[in-house]
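Undergrad: Residues per chain, in single letters:
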Amino acid sequence: MSVPDYMQCAEDHQTVLVVVQPVGIVPEDQFFRIYKRIASVAQVSIRDSQRNLYIRYRHHYLPENNDWGDFQTHRKVVGLICVTTCGSGKEWPQTSERFHGQKEVFGATLYDSRLLVFGLQGEIAEQQRTDVAFYPSYDDCPDVEKKVEDFVESIFIVLESKRLDRATDKSGDKIPLLCVPFEKKDFVGLDTDSRHYKKRCQGRMRKHVGDLCLQAGMLQDALVHYHMAVELLRSVNDFLWLGAALEGLCSASVIFHYPGGTAGKAAGRNPSAAQGQAADAGKRHRPGAQEVLIDPGALTTNGISADTSSEIGRAKNCLSPEDIIEKYKEAISYYGKYKNAGVIELEACVKAVRVLAIQKRAMEASEFLQNAVYINLGQLSEEEKIQRYSILSELYYLIGFHRKSAFFKRVAAMQCVAPTIPEPGWRACYKLLLETLPGYSLSLDPKDFSKGAHRGWAAVQMRLLHELVYASRRMGNPGLSVRHLSFLLQTMLDFLSDQEKKEVTQSLENYTSKCPGGMEVITLPDGLRLHPVPFTKLPIVRSVKLLDLPVSLRPHKQKGLMENSMSTKSPFIYSPIIMHNRGEERNKKIDFQWVQGDVCEVQLMVYNPMPFELRVENMGLLTSGVEFESLPAALSLPAESGLYPVTLVGVPRTAGNITVNGYHTSVFGVTSDCLLDSLTSVRTSGCLVEVIPSLPRLQLSTSLPRSAHPLQPSKEELSSSVSVQLFNGETQQLTITLENIGSEDLETLEITSKISNTKERLFGEFLSWRPGGGCLTPASEARPVWSPSLSTSSQTGLLWRREPAPGPDDDGISVTGLPISSPLRQVLKPRAETRPPGSESSKTDYNHVKMLEAVMTFKYSGGAGKVEGYYRDLTLGLHVDVEPSVFFTRVSTLPATSTRQCHLLLDVFNSTEHELTVSAQNNQDLVLHASECQRMAIQVDKFDFDTLPQPDQETVRYTSLKLLEEERLHAQASMINSTLGITWDIPSVRRKGEASVEGVLNQLVLDHLQLAPLQWDVMVNGKPCDCDIIADCKVGDAVPLEVKLTNRSKNTVGPFALTVVPFQDYQNGVQNYDLQDAVTFIGSNTFYIDTVNPSEESLCLGALLFLYSGDFYLNIKFQDDSVGKEPGAGQGKELPLSWFGLPSIHIRAQEAPMEAGA
Amino acid sequence: MAVCIAVIAKENYPLYIRSVPTQNELKFHYTVHTSLDVVEEKISAVGKAMADQRELYLGLLYPTEDYKVYGYVTNSKMFRKLHNSFTDVMCNPFYNPGDTIQSKAFDGMVSVMMVQAS
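Residue numbers (UniProt numbering), protein chains in the order written: chain A, 1 to 1158; chain B, 1 to 118.
Just to be clear, a hint being listed does not mean it is correct.
Restricting the straight-line Cα-Cα distance to at most 30 Å, the calculated cross-link-like pairs of lysine-lysine (BS3-like) are [as the list claims (entries may be wrong)]:
{"id": "1", "chain 1": "A", "residue 1": "360", "chain 2": "B", "residue 2": "104"}
{"id": "2", "chain 1": "B", "residue 1": "42", "chain 2": "A", "residue 2": "329"}
{"id": "3", "chain 1": "A", "residue 1": "385", "chain 2": "B", "residue 2": "104"}
{"id": "4", "chain 1": "A", "residue 1": "146", "chain 2": "B", "residue 2": "104"}
{"id": "5", "chain 1": "B", "residue 1": "10", "chain 2": "A", "residue 2": "360"}
{"id": "6", "chain 1": "A", "residue 1": "447", "chain 2": "B", "residue 2": "68"}
{"id": "7", "chain 1": "A", "residue 1": "501", "chain 2": "B", "residue 2": "68"}
{"id": "8", "chain 1": "A", "residue 1": "502", "chain 2": "B", "residue 2": "104"}
{"id": "9", "chain 1": "B", "residue 1": "68", "chain 2": "A", "residue 2": "337"}
{"id": "10", "chain 1": "B", "residue 1": "104", "chain 2": "A", "residue 2": "501"}
{"id": "11", "chain 1": "A", "residue 1": "385", "chain 2": "B", "residue 2": "27"}
{"id": "12", "chain 1": "A", "residue 1": "431", "chain 2": "A", "residue 2": "501"}
Have a look at the derived ranges for each label pair, beta carbon to beta carbon [claimed, not checked]:
{"id": "13", "chain 1": "A", "residue 1": "589", "chain 2": "B", "residue 2": "44", "range": "47 to 57 Å"}
{"id": "14", "chain 1": "B", "residue 1": "40", "chain 2": "A", "residue 2": "158", "range": "46 to 56 Å"}
{"id": "15", "chain 1": "B", "residue 1": "93", "chain 2": "A", "residue 2": "645", "range": "31 to 41 Å"}
{"id": "16", "chain 1": "B", "residue 1": "98", "chain 2": "A", "residue 2": "645", "range": "43 to 53 Å"}
{"id": "17", "chain 1": "B", "residue 1": "40", "chain 2": "A", "residue 2": "519", "range": "35 to 45 Å"}
{"id": "18", "chain 1": "B", "residue 1": "100", "chain 2": "A", "residue 2": "647", "range": "33 to 43 Å"}
{"id": "19", "chain 1": "B", "residue 1": "44", "chain 2": "A", "residue 2": "259", "range": "25 to 35 Å"}
{"id": "20", "chain 1": "B", "residue 1": "93", "chain 2": "A", "residue 2": "385", "range": "51 to 61 Å"}
Over the 12 Å line for every Cβ pair with chain A, so calculated as not near, a few chain B residues [unchecked claim]:
{"id": "21", "residue": "3"}
{"id": "22", "residue": "9"}
{"id": "23", "residue": "28"}
{"id": "24", "residue": "42"}
{"id": "25", "residue": "44"}
{"id": "26", "residue": "88"}
{"id": "27", "residue": "90"}
{"id": "28", "residue": "92"}
{"id": "29", "residue": "108"}
Please keep in mind that the hints were generated in silico from the structure rather than gathered at the bench. Note that the structure is a prediction, hence the values are computed from the model and not measured. We put the beta carbon where it would ideally sit given N, CA and C, even for glycine.
So that you can see chain B by itself, here it is in the shape it has in the complex:
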């Protein structure tokens, strides 16, 4: 299960970020932030070749000692749920694209996916 889930906007700032061990949130911020380099690299590299049939699964982005950071995955149920939830947020007519996600439903979905902090 995940310890931290972040949705990043196109311009590389977080729309949503939440982690389970709340006491060291900043560390996750740093981890996610740095792994964006890899996402950027992967997207730009693939984009040149085949922009249309881009695989959304980016796989392992960046392993640290304690955690592994994965990019967007569609063929796993976990990410599909997140994706659907995110689509719902985007469909909300009152949501301004680019704003921080504050949806309760989305929050609930993320909570389900998170490791239950013991």
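In isolation and in its complexed conformation, chain A is listed as follows:
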């Protein structure tokens, strides 16, 4: 006996063994169908004895094992059922022959046999035979079970008779010596008459009877017999049989204690070894079966006693659970003395372990198993080895030693593919390896590893995964290999050495070249589902941040529609609790919008944990909510890189709320979908963002180069900015071209500008607008400062360029404000005022470069986004560095000969490094070298500032007095400026500009420049007379003198008294006022002018008579009478002297020609 039956358990001792075998040609599936039906009859209740007979069926049994039938009767084949197919009557004799042949094999031990014939009909089938049953086909055999039951009953009759036969002949008859096969030769020539021998015979027979009793369902009898056998055999040191008797005792006790059986569910795990047996394991024992017990006192009789006294005997004979184990140990130690009883010992160990498992005594069970491991059964075939390791694994599992179980299972798996096996069973190996996973606390679902750091027996687990990879590859399933290898890489990354990382990735790449890894769930034939392994660690993503659109493309909500979006759920204006609610962060809506059709960006901070360069291909975003076109990126991360920013882009194709769920990658040929929900280590500030309908997109380009440095006050983000360097007073043209590069039509465009740094006071306009293109209208700038070439047709043609919008027709554009298609031309006129502090010493200040900044905003909208109330801003920052050009360090006036004019004296300072030409209107050019200061005089007509528009009442009310004053000064200055028209020109650098006197003017100068409100006109001889005009008159003629006063002031003036004083100027500094002889007045030399109301005139008339020829001058002296006489009538204060600037009159008196007089 060399092949152990690992599935044996203690209660098998009470079964009878029936072999079911096919005879002739029987289809395997049909045979097993019949076999199953036969095997379902595992327990038969004997009609009139209340006893049960248990049957163990085998379809394969070694006759060699049958030889041990005397030793333990459950090993003896007592029944044979043959199944055969018989097509016709002709075949019948042959079939019958075979059946008999089969009977011969087990002949010695068989109690009875049956033949089931399928397919035979007719005459032969009609005959009534007890040992043969005929069925027309495998499908038409309704009473197979019945037949088997009958057969079992017949076996029982034989068994019962044998039992009675053996049990009763305890008289002096010679008892035969039962022995096991290997003993037979030992007993040759032994003295059969010795007491020792007799006792041995008795003991063995007693044990045998015990077996029979147990089989026949008489548990109590069996116990008694076993006890007696133990006593007898112990006395003669017949250890092998003593062991068997002890084991019998244990078996009977186990059956008594554990009616549920000890095989447990584990029996079902080995389908090949115990088909049939497993299915019926549960049915085998009916509760209360052992109640049918016989009183030990009634042993010899065949009666059945229902006497309650039997209870006492039962308790006495039956072993306690602890004793069972003791006896098993003893029995096994006896078996161990015999080398040939290895199988018996092994099986006993297995049985004991099963019992211990039920008793939950794992430690002792493990000792039994440990012993079983060392039992040497000689040369085992590879298959037997696998079976042995598998069963050890199962038994360890049974007692809760999962690691040990896994260890043996793995050994079994390795045995399947041992190098000595010609055809390695990789499939079986793989299957067994999968079964070891729980023992190594390894789950193949990567989700179980996502929580925190991996903790486990990494070395062992890694080895197992490597073996799985290898086995699946050898199985010819590269998909599985890829999956396992991915899993290994993902979960064991922290435990792999750099070298291993390299090796694993290399082999992964090898596998994926044949079979790319994906995200689908692999389902194995046995139902195990292998979840996809996303490479969340290759690369490791630390943070995910959705990026706002660039400033120029950010959509804004129209103010009027703001209320809808502003509404907050909470009634509180501020709550700190909401701020700290981190849990909802991922689902929080980000407070910016993306625009349909525009490229949106998400920034990931990634990290490569590998010691080599990591190539990530096809990295893109996973989104939901909105149709999103992801534009995958490929990146290459250097070895063990630090945090590395990666920007993933995509275009939302529809509007709505979009959620970024994760990203997908392709690394080493494995594509992974990494969801952010399962990545706890990823920081994110929210993944939900609103996508608004599409808007047009404008691109701005300017004629000036872009500035590298942003504007100083960076409170606003600008889409672009330009910078330019200008001299003070210089004008620069800037052409801005707007192009619609989006897919939507532009419907509205609004332009505003703002000067951002207001610390410095500005004089004059900094920015002025002039829309360019076809409808070019002159801007507020009066003088055309632009070179004509800028507005030539070629330039205009360029500006007219218009991007074809790939949408519907452009005709439907409604224009507000400015025509869309016309590019705009902007005029820049910086006049940063560097107000001179008045002293020449602070000249260095003039070299200081001033900065001017302005922001222009283009607000535009169109398309579906406009309907929703969104618009976009395009901002252009202007940065101007203003360098000083020319300054007027001092201004003064000199009266001109005419009272209506004066001379303006300007000290001009050239603060540039170039030679500079200054020119004023109607004046000669003045050439100034660098840092040179020269005076220039300009004769100007006096100004009538009253013609300047007065600020309206509203403005006056709300503006401070000082501001009003400044405004007035500014208006006056610009008037002077425009009249003077002072320009400068630097020929060397071809720059020119204007110079302004504003800021250097003081009140005194202004007063001098102002036209007096009282206008005096003097007429001599009816001709107006002014400074340089010489009035001619004749000696002796009365010369009429007319003085006219026009009051242009707002108040009533006068009354005044004017005295005309004639004098002669000798041109040598001497003035002769003593002219009574030369000039005489006709009438008074004093005029009196009454009060003159505003805008009225008053005229005084007088006459002079020149007595001699000569040049005379008239000085009109003036007295203001109003103050003294009527204080209330005038202004209440003295009128300024300059108001009374009467011209001095030059009269040349000549002798009248005689002819004329005659």
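Given chain A, put chain B in place with the hints provided.
TA: Relative to chain A, chain B alone:
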């Protein structure tokens, strides 16, 4: 002397494992791993009865052909040394309970206890 010393965490994963014949480390991993079954069994069995006065000596856990695996022993000097060293590791404020032991002092102690590989 010992050929392999392992400190196992409560959740049955190794905090520290080191063996002298380095070429066949995996074998020791397997040996220690499987003997955990016994430790688990012993602890759970004793725990039911008398959780307080549990004897820390688990004795022989598992004999293999070549080696014998012993559980935690406090009444031998060897294990006391290990225990003290382990206590030191645990007292380190920078040690995060549950992490793999990387202490040099502990490593040194283990080296002393090991068989000198010839």
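Undergrad: Now, for every hint given, state plainly whether the structure supports it.
TA: Comparing the hints with the structure gives:
no., hint, verdict
1, 360(A) / 104(B), "violated (42 Å)"
2, 42(B) / 329(A), "holds (21 Å)"
3, 385(A) / 104(B), "violated (45 Å)"
4, 146(A) / 104(B), "violated (77 Å)"
5, 10(B) / 360(A), "holds (23 Å)"
6, 447(A) / 68(B), "violated (38 Å)"
7, 501(A) / 68(B), "violated (35 Å)"
8, 502(A) / 104(B), "holds (29 Å)"
9, 68(B) / 337(A), "holds (26 Å)"
10, 104(B) / 501(A), "holds (26 Å)"
11, 385(A) / 27(B), "holds (20 Å)"
12, 431(A) / 501(A), "holds (27 Å)"
13, 589(A) / 44(B): 47 to 57 Å, "holds (52 Å)"
14, 40(B) / 158(A): 46 to 56 Å, "holds (51 Å)"
15, 93(B) / 645(A): 31 to 41 Å, "holds (36 Å)"
16, 98(B) / 645(A): 43 to 53 Å, "violated (33 Å)"
17, 40(B) / 519(A): 35 to 45 Å, "holds (38 Å)"
18, 100(B) / 647(A): 33 to 43 Å, "holds (37 Å)"
19, 44(B) / 259(A): 25 to 35 Å, "holds (28 Å)"
20, 93(B) / 385(A): 51 to 61 Å, "holds (53 Å)"
21, 3, "holds (16 Å)"
22, 9, "violated (7 Å)"
23, 28, "violated (9 Å)"
24, 42, "violated (7 Å)"
25, 44, "violated (9 Å)"
26, 88, "holds (22 Å)"
27, 90, "holds (17 Å)"
28, 92, "holds (19 Å)"
29, 108, "holds (22 Å)"
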